[in-house]
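Undergrad: So you can see what is in the structure, the chains are spelled out below.
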Amino acid sequence: MIKEKEVQQVTEVTVRFAGDSGDGMQLTGSQFSETTAIFGNDLSTLPDYPAEIRAPTGTVYGVSGYQLHFSSADIHTPGDRPDILVAMNPAAIKKNIGELKPGAMIIANMDSFDRKNLQLAKYETNPLEDNSLKGYDVYPVPISHLTAKALEGTKLSPKDVARCKNFFALGIMYWLYNRPLEPTLKWIKDKFKNKPEFIDANSKALTAGYNYGENTELFTIRYHVEPAKLPKGIYRSISGNEATALGFLAASVKSGLPLFLGSYPITPASEILQYLSYYKNFGVKTFQAEDEIAGITSAIGAAYAGNLALTTTSGPGLALKTEAVGLAVMTELPLVIVDVQRGGPSTGLPTKTEQADLLQAIYGRNGESPVAVIAAATPSDCFTMALEAARIAIKFMTPVILLTDGYLGNGSEPWKVPNVKDLPDIPVKFRTEKEGFAPYLRDENLARPWVKPGTPGLEHRVGGLEKANITGNVSYDADNHDLMINLREQKVKGIAKDIPLLDVDGDQSGELLVLGWGGTYGAIKEAVIKARENGYKVSQAHLKYLNPFPSNTEMVLKSFKKVLIPEINLGQLAKLIRSEFLIPVEQFNVVRGLPFRVSDIENKISEMLGGSSNGK
Amino acid sequence: MGNNGMEIKEIKLTAKDFSSDQDVRWCPGCGDYSILAQVQRSFPDIIGVKKENIVWISGIGCSSRFPYYMNTYGYHTIHGRAPAIATGVKVSRPELSVWVAAGDGDLLSIGGNHFIHACRKNIDLKILLFNNRIYGLTKGQYSPTSEKGKKTKTSPYGSVDNPFNPSALALGSGATFVGRALDGDAKHLQMMIKRAAEHKGTAFLEIFQNCVIFNDGAFDKLTDKKTRDENVLYLEHGKPMIFGANKDKGIILSSGKPEVVEIGEGKHRVEDLIVHDENDESFLIGTLLSHMTDNPNMPTPVGVFRQVIMPTLDAEIADQVEQITKIKGEGDLEKVLFNGNTWSVN
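Protein sequences, first through last, are from chains H and Z. Heads up: the first sequence begins at 1 in the working numbering, then just goes up one per residue. Heads up: the second sequence begins at 617 in the working numbering, then just goes up one per residue.
One chain only, chain H, in its complex shape (with noise of 0.2 angstroms):
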């Protein structure tokens, strides 16, 4: 009999599981959210892997990890450094000792620590025996090994074998972290349901790993994460992609319009056209076009024939859009870009995230060519953001840039599923009164009528030549087009009356204010946490509307003494906030990536309180 094994409490666990990009490590990771999600804990991820689809075997540009940080407390960031590393071949330990923790747990797949392996991942003697590891609590699982023998007697080739040792490993977490197996059965027999021998062994495979933990006498504490204490609702996992997604599908509900999706496959944006392809049912257009300037030009023509009309895309597809945004502004036509920032410029980090498109976003065209310009600051606020780019080109006839990252589409968190009927209604109105009808005539927010073609009366032109003032007819005279340049900029600025203003997260006013805007939230959020807990007096304020920026932004922007703007680019928003209220920002620009790390943002701001009575 074996004896029952210690179970230790804790309030918060990073896990990494890392292997070959064909090891099945996002799957991994996304089936061990999933499953903790649905235990209530609060949980935020980091799916990080290589743009090479499957990279050379072995090597360590060809690790792919998914990070996972699970709390029974609110928490904010896929966590700095883990406390657990799966790793399930040399490589992968190359590739992230240096960013566990001191001591931190590491479990390693033995069968894989062959000469071929070591040698690919540069490693002169194994590192299970060199004791190189002194310092990490190191624990050798034969996982292929262990995988084939629960396997026996399976129909599968030897290679399928192979392939379900992700499960086993699976399995191993789910008994050290105290978590079901049901959630991931359920998915195995879904997954496979058309090949049973699949199920079968993929189910075998990660009860055995999970058996494996109870039996072996290598674990001798197993770890307990009590769920989080969430406000009372609904919840479930979700990316952000997926939330963008569903977000333009309420759009389309909540306005009555049909959605039209123009869009060319780019990481890592691509998910959202994937998803909305599924919603035919709701009426749901999705044109795969043959570039990215037919994907937002098709989006132009959906926009001018009265559709709800979106294009999506990453930094490059953004630059080859410019041209095309300009003419939605000179038309005056509704129109969503969503850019899923990621690693520029060029080709750049395709798969790693970044936040270097702002200024692209809001000034990246010829001529004077305003937009609003909108973030999202958490995978699931993807979802309520996407419903305001929605609302403003419509109401202001405008195009809207929604800027999203690689980390928040990628990255899941829990979300509080909302009613249907809490959603805000999107009032559409098309003009149909032929009576006094011009086509640049606006109205109370500068916003000119949008007729349907096919609506009896109203036929008229647009086009990218300038239009003169209410006839819309082309004009080249000098007064008109000053007026005309100057009427689209107040039109774009009189969208910051109807947007809530910038909220202050502590102090209203004091020492220090930490800015923020996009996927950095939750860093900065944590960050400040900390900081307070040390005794430092520190306020955040996160920037979800970038141009225009709430009314309020100056006020409280000169409420604090010290202004720190953390962003993964060079110091865009601060650029932006010096030139438009002369505001003196420090800035801390990290850009690997990868997101911030809470601890540098901490020491940014006990670097700059340090020593000020003021501040601690």
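Think of the hints as simulated: they come from the structure by calculation, not from any bench. Check the hints yourself; a few may be wrong.
Said to hold, decoys possible - Which residues of chain Z face chain H? A few of them, derived with a C-beta cut under 7 angstroms, are:
| id | residue |
| --- | --- |
| 1 | 687 |
| 2 | 697 |
| 3 | 703 |
| 4 | 712 |
Stated by the list, open to error - Pair ranges (Cβ atoms, derived):
| id | chain 1 | residue 1 | chain 2 | residue 2 | range |
| --- | --- | --- | --- | --- | --- |
| 5 | Z | 913 | H | 367 | 49 to 59 angstroms |
| 6 | Z | 955 | H | 9 | 29 to 39 angstroms |
| 7 | H | 22 | Z | 663 | 56 to 66 angstroms |
| 8 | H | 223 | Z | 948 | 32 to 42 angstroms |
| 9 | H | 56 | Z | 926 | 35 to 45 angstroms |
| 10 | Z | 854 | H | 51 | 50 to 60 angstroms |
| 11 | Z | 955 | H | 157 | 31 to 41 angstroms |
| 12 | H | 56 | Z | 665 | 54 to 64 angstroms |
| 13 | H | 483 | Z | 925 | 43 to 53 angstroms |
| 14 | H | 346 | Z | 926 | 34 to 44 angstroms |
Unchecked claim - Heads up, simulated DSS-like pairs for lysine-lysine below, C-alpha to C-alpha not over 25 angstroms straight-line:
| id | chain 1 | residue 1 | chain 2 | residue 2 |
| --- | --- | --- | --- | --- |
| 15 | H | 191 | H | 149 |
| 16 | Z | 666 | H | 429 |
| 17 | H | 421 | Z | 944 |
| 18 | Z | 951 | H | 280 |
| 19 | H | 189 | Z | 951 |
| 20 | Z | 873 | Z | 863 |
| 21 | Z | 632 | Z | 803 |
| 22 | Z | 951 | H | 186 |
| 23 | H | 155 | H | 186 |
| 24 | Z | 632 | H | 452 |
| 25 | H | 434 | Z | 666 |
| 26 | H | 452 | Z | 628 |
| 27 | H | 122 | H | 94 |
| 28 | Z | 803 | Z | 863 |
| 29 | H | 452 | Z | 667 |
| 30 | H | 434 | Z | 632 |
| 31 | Z | 951 | H | 191 |
| 32 | Z | 837 | Z | 769 |
| 33 | H | 429 | H | 395 |
None of the values given here were measured: they were computed from a predicted structure. Even for Gly, the Cβ is constructed at its ideal location relative to N, Cα and C.
Given chain H, put chain Z in place with the hints provided.
TA: Positioned in the frame of chain H, the structure of chain Z alone reads:
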């Protein structure tokens, strides 16, 4: 008059109804005037399409001003993108009749990608190519259809570029309707506009259009009364390929190649000639005709090169929406939002 019980009949529109209030600003003598006039004259005869359901989309170039002069819905967009914008209009609103007006630079140079993909996808668009073989609006540079050796502002020693053959390109891209007309032959042009309008699918109509300023006379041989009969082959479905002022020349297939022959006593018989088959699915006749264009020994064919009926992208997308809705039932947002693994916090 209004209340005397008279039956109200739908009034047939005239060319004037399609004319907008904008002054036409092309150069005097430009071939575009004729094309505009023939479109306005033929549109009242297009059955089943209401004026308010017609949309003209254009890109950039002289001919792209076209929508401003049509009293229909119109959108003058950006260089090369008209087919893509038109695609968005048509796919999202299949009930509209969507027309593209484009020049050779617009459609085949900067917009070449959108053009071939529109043809490939068989989107129900009517694409009129105003082919004058020159860049007009930028004042006289060679275009992707300019003949090799042409001297222009950017090719003072003669262009070294090989030109596109637009109808061959359209055929190669899978266009389901490929035809050609001349700006100078009003009646035939009107007939071709109506043929394009009636086609369900991408209809590509190349119109040879004279640029009086930068490429004047480029098509004189085909439009001048004295020379045209000897140089133009008018295609008629099911009829042998005959041309010439005295209808005494024809096209035969000799060892798989087209050849001009004389017909009559002691010469070739009419029965020897190729009989035009617009609906030839093999691409053989269409391709043969498209490559006769720049052959100095051959007449230039005008008319319908090829017309086949295939499902259109816009209809297939709409069908799929309908079919999936039938199977899954109308979308329920609540269900989708709460889909998957949910859990409850009390």
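Undergrad: Of the hints stated earlier, which fail here?
TA: none
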